[in-house]
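Using the sequences and the accompanying hints, generate a full structural model.
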Amino acid sequence: QVQVVESGGGLVQPGGSLRLSCAASASGSVFSIYAMGWYRQAPGKQRELVAIITRGGSTNYADSVKGRFAISRDNAKNTVYLQMNSLKPDDTAVYYCNAADLGANVYWGQGTQVTVSS
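Residue numbers (our numbering): 90 to 207.
In short, the hints are calculated from the structure, not lab data.
Since we're looking at a predicted model, the values are computed, not measured.
For glycine and all other residues, C-beta sits at the position ideal for the given N, C-alpha and C.
There could be a bad hint or two in this list.
Within a straight-line C-alpha distance of at most 30 Å, the following computed DSS-like cross-link-like pairs (lysine-lysine) qualify [stated by the list, open to error]: (1) 177 - 155; (2) 166 - 155; (3) 155 - 134; (4) 177 - 134.
If you anchor each label on the Cβ, the simulated ranges turn out as follows [claimed, not checked]: (5) 104 - 148: 21 to 29 Å; (6) 191 - 104: 24 to 32 Å; (7) 97 - 135: 34 to 42 Å; (8) 134 - 108: 19 to 27 Å.
Here it is, written out as structure tokens:
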């Protein structure tokens, strides 16, 4: 049983910062993560990629967040972070974390709400 749990969402003013965390864990089985990523879904829109990071540290970002967001990970803890700076109202969404293992299985968290508003 693999669990992915996000934390760190909330309400922030435009121009502010938030740091999201996501931890993946497995009970009763060996769990090797290849990549972890953050996605977001705003009301009435499709879920979209925000940022992804591989076990080796390679990263990829959506154009809309480049230069403002930074993804990082702690492989020993199977944890990924998303530092979000210069937040805009358009960043308002539910942010989801996922983890992909070496068998190409993908596990999703329940999501955490980020609201950017004055």
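Verification of the hints:
1. With a CA separation close to 13 Å, the supplied pair residue 177 and residue 155 stays within the 30 Å bound.
2. Using a Cα cut-off of 30 Å, the hinted pair residue 166 and residue 155 holds, with the two alpha carbons roughly 26 Å apart.
3. Of the supplied pair hints, the one linking residue 155 and residue 134 holds, its CA atoms being roughly 20 Å apart against a limit of 30 Å.
4. Between residue 177 and residue 134 the CA atoms are separated by roughly 17 Å; this keeps the pair inside 30 Å, and the hint holds.
5. Evaluation of the 21 to 29 Å hint for residue 104 and residue 148 yields a pass: the beta carbon distance comes to about 24 Å.
6. At roughly 40 Å, the beta-carbon separation of residue 191 and residue 104 lies outside the given 24 to 32 Å, and the hint is violated.
7. Taking the beta carbon of each, residue 97 and residue 135 are about 23 Å apart, not inside 34 to 42 Å as hinted.
8. Taking 19 to 27 Å as the suggested C-beta distance range, the pair residue 134 and residue 108 conforms, at roughly 23 Å.
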